[in-house]
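What follows is the residue order along each chain.
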Amino acid sequence: MKFKSALRALLGSFREQAISRATDNFFIGTLFIQPVLFTLLSVGIYRYGGKPDLSLYAVIGAGMIGIWNNNLWTSGSIVQDERRGGTLELLVAAPTSLEIVLLGKSLSNAVASILALAITFATGLLAYRLPLDIEQPLAFAGAVLLTLVAMTMLGLLLGSLFVLARAAGQLATVLNYPIFILSGLTFPLTVLPLWIRPLSYSLVSTWGNLALARAAGAVAQSSLWVTYLALAGLSVLYFILGHYLYRLIERIVRERGGLEQW
Amino acid sequence: MAAIQTIALSRVYHSKTGVIRQQKKDIRALEEVNLEVAQGELFGLLGPNGAGKTTLTKILSTILLPSSGDARVLGLDIVSQARAIRPRIGIVFGGERGLYWRLSARDTLLYFADLYHVSPEVAARRIPELLELVGLSGRHEERVENFSRGMKQRLHVARGLINDPEILFLDEPTIGLDPVAAREIRRIMKDLNQQGKTIFLTSHYMYEVDELCDRVAVLNKGEIILVDTPGALKSLVSDLEVVEIEVIGAQQDAIERLRAHEKVVSLQIEPRDLAQALLIQAPGGAALVGDFLTILSGARIQRILTRQPTLEDAYVRLVGPEAMHT
Amino acid sequence: MVITRLWRTFLTGARASLVMESVDFSLPRLFGTKLPRFILQPLFFVILAYVAGGPELARFALIGNAMGNAAIHSLVNLGASIEIEKWAGTFPLLMAVPANWLPLMIGRAAAGYLESLISVFVTFAVLTPFMAGADLPFDRLLLAMPVMMLTTASLAGMGWLLGSLTLPTRVGLLASNMVAYAMFVVCGLNFPLDAMPPFLQAIGRALPLTHGLMAIREVIDGASYLQVAPLVGLEIAIGLVYAAVAWLVFRKRLNDTRRTGNMELV
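Protein chains in written order, with our numbering: chain A, 39 to 300; chain B, 1301 to 1626; chain C, 4 to 269.
For the record, the hints were derived by calculation from the structure and aren't laboratory data.
Any given hint might turn out to be false.
Within a straight-line C-alpha distance of at most 27 Å, the following computed DSSO-like cross-link-like pairs (lysine-lysine) qualify [claimed, not checked]: (1) C/37 <-> B/1324; (2) B/1534 <-> B/1521; (3) B/1563 <-> B/1534; (4) B/1521 <-> B/1325; (5) B/1324 <-> B/1521; (6) B/1325 <-> C/255.
For each label pair, taking beta carbons as the anchor points, the in silico distance ranges come out as [to be verified]: (7) C/32 <-> A/231: 26 to 32 Å; (8) B/1349 <-> C/171: 21 to 27 Å; (9) B/1601 <-> A/40: 37 to 43 Å; (10) B/1573 <-> C/33: 54 to 60 Å; (11) C/233 <-> B/1432: 34 to 40 Å; (12) C/32 <-> A/229: 28 to 34 Å; (13) C/172 <-> B/1553: 50 to 56 Å; (14) C/7 <-> B/1429: 22 to 28 Å; (15) B/1375 <-> C/148: 53 to 59 Å; (16) C/209 <-> A/153: 48 to 54 Å; (17) B/1428 <-> C/26: 38 to 44 Å; (18) B/1548 <-> A/208: 52 to 58 Å.
Don't be surprised by glycine CBs; every beta carbon is placed ideally from N, CA and C.
Produce the entire structure from the sequences given, and follow the hints as far as they go.
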């Protein structure tokens, strides 16, 4: 019984987030326009430089950039939105866990963000006549799914983090490009010095990108199962951290009646 | 020459609602407004929220164009001669917005002094005077974002005076202010008027226009209902007494019977915690208390008092009780 | 008399804009967000270019993306500045002032202009040493600076146009961001114009930045001012055209606002 109502709450918040997101300017920009531009730029650079074979990798990387930007923007504010709407305290007090609501929102955002990948592929096809040759379609779908899960957990983590530490939110916008660089989005990781690779391998965007690229056949190295494992592992890690931060918020709200003084 | 004059001034706002299927909606904010304000007058525009006060103020201060009709400020047409009017008027809007948060009070006044073509020499002398006038002298280096609501409002007033205008338009200047701050603003308005400035004030506070204004125009749903002195407005209801009955558990049909009583001119209901306050206007109201109590028998009476009507009661008569609760 | 008035209005706008922007340039903000952003975005594209075409393309991209910074700041600052007025509630008040809006808006662009120039400078200063054999001698960069300043000014015209066009809407900030990034694609920042299909080339040539950037590249490579004069001339002309159109659109918008009453950000 409890599972059913929790599921309903999850789907409800999934839907609510989708509706409120639809008119958000920056959502539209980061989902529809930026991925197109990044694809045009990166594939264009490769073709001009004489490395057209890296185009598929670039398309996937641009898609990952879109997924990341999108999730950062939309899920980063899921807790903040509740707080601003005055519903945070109500949800903490309600029988259904606020966490379920947040996960529903985060999932909704993650699902929508995957669209960025479709858009970059479409751009590659339409602008550069790139063949959509995905080597292992099933594995690709698996990679998409795992990325989805990881992004959902990350969303929960970021949403809680940004409301607890406002500086974190401001820092996040600065960290965008470093994360793209470290994750090897649109260019191969091999160009980065060895000592920085451990940092790269700690990022979910790196593994999502590698998983998708490996499944599509755009890269030869990295075993697919390693990427799957990494994504799953990071998902668990993000969930643990996110859950902990969520509990912190819940406690603060219960103790102080709200997050106002925070 | 009148300071302000409007002839059949009207304003319609066009808006579109809906995202997919757009429907056009017309909001008639002002309907054939006729007003005349003499020079040196302290004129009040009284009306509930949404009556059109801000719209009228914006039109008279050349910010907004009317849809039809004419208006003249200082003898100049507001549509074709706006440029000539602007240097001679000042505008004060109420509220938190309308200021640059990152500028200091002094920077704000300097900025607007330049925008109003006040020469640097005059500005150098006037700015400290204005800061002194509104009581911001010690805080002028602080950024506006750190100001309290009352301080922001005072800065608005100082800014409105930066060009030493002949007419000062104030749109709900004391809204949201605590009583002390509000009283300060009112005192400033009185002083400015005594210096010879024409003041055009909008408000939905009855006591405010009662205290300050030479004449009051009552605006409701875009139409001028009445223009007269506060005293004349009060005399509208002077024949009436107001009987206030605080009651718990009054039945709806009892209230309707009260309302239908042949002597009762108006009945207004105000919620007061758990009880309802019935404000009944009737000539010779005190003598009717017995009748009223009979009608209300069964309900618990907490308090009865009779009093003389105030400007508020007159206002209620004019705009209707439903306007009081918008 | 009129000239001094216009000049003073310009100074007023400039002063106000600098004061308001100075908050953003406090040390923590500067080193925390502004400087990193100036450097990290070009770095991404430089690395990408390096992988695609070696040091030569990386150098090409560095120059392009340094100016790309200027593009972003010029467009976004002006594009959003009107929206900021509506947001702050000062728009109705500004509608009533006697002062001329043209010098005021030019003055208000001052802080954004300075920020653009700083961003270009920082990009070169930080990234050039990292690129071994980049062949970007300091004296040539210095010589290219006036062209950079002119190009940045020409970009401001486009920024103003975007701000004016989006004035009655709420998409000002978004539009300026998107147009800025679109310019990354068509203005020859990361690859030369002739790598694109003809119709995109035509679009690029109709925008500011394109010709100025070409001139900057040539000056850095050793050309004299005389040799790049046609390109610079084109850039200035395009900038002026955009600014003129911006002024016309802006005036129309102001008049429309007075008519429709749409001056608050609902």
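We went through each hint and held it up to the structure:
Taking the CA atoms of residue 37 of chain C and residue 1324 of chain B, the gap is about 45 Å. The hint is violated against a cut of 27 Å. A hinted pair counts as satisfied when its Cα atoms are at most 27 Å apart, and residue 1534 of chain B with residue 1521 of chain B qualifies at roughly 21 Å. Between residue 1563 of chain B and residue 1534 of chain B, the direct Cα distance comes to roughly 19 Å. Compliance with the 27 Å bound is thereby established for this hinted pair. Distance restraint check for residue 1521 of chain B and residue 1325 of chain B: the Cα-Cα separation of roughly 16 Å lies within the 27 Å cut-off, and the hinted pair is therefore satisfied.
Of the pairs offered as hints, the one joining residue 1324 of chain B and residue 1521 of chain B holds, with about 20 Å between alpha carbons and a cut-off of 27 Å not exceeded. This hinted pair checks out: residue 1325 of chain B and residue 255 of chain C have alpha carbons roughly 24 Å apart, not beyond 27 Å. A C-beta distance of roughly 30 Å is found between residue 32 of chain C and residue 231 of chain A, which places it inside the suggested range of 26 to 32 Å. In this structure the supplied range 21 to 27 Å holds for residue 1349 of chain B paired with residue 171 of chain C, their Cβ-Cβ distance being about 25 Å.
A hinted range of 37 to 43 Å for the beta carbons of residue 1601 of chain B and residue 40 of chain A is inconsistent with their spacing of about 52 Å. The hinted window of 54 to 60 Å between residue 1573 of chain B and residue 33 of chain C holds, with their beta carbons roughly 55 Å apart. At roughly 60 Å, the beta-carbon separation of residue 233 of chain C and residue 1432 of chain B lies outside the given 34 to 40 Å, and the hint is violated. A hinted range of 28 to 34 Å for the beta carbons of residue 32 of chain C and residue 229 of chain A is consistent with their spacing of about 31 Å.
At about 53 Å, the CB distance of residue 172 of chain C to residue 1553 of chain B agrees with the hint of 50 to 56 Å. Under the hint 22 to 28 Å, the C-beta atoms of residue 7 of chain C and residue 1429 of chain B, about 24 Å apart, fit the expected range. Between residue 1375 of chain B and residue 148 of chain C the beta carbon distance is about 55 Å. The supplied range of 53 to 59 Å therefore holds. The given range of 48 to 54 Å is broken by residue 209 of chain C and residue 153 of chain A, whose C-beta atoms sit roughly 31 Å from each other.
Taken as a hint, the range 38 to 44 Å is violated for the pair residue 1428 of chain B and residue 26 of chain C, whose Cβ atoms sit roughly 25 Å apart. Roughly 54 Å separates the CB atoms of residue 1548 of chain B and residue 208 of chain A, a value that falls within the hinted 52 to 58 Å.
In this structure, the hints that do not hold are numbers 1, 9, 11, 16, 17, in rising order.
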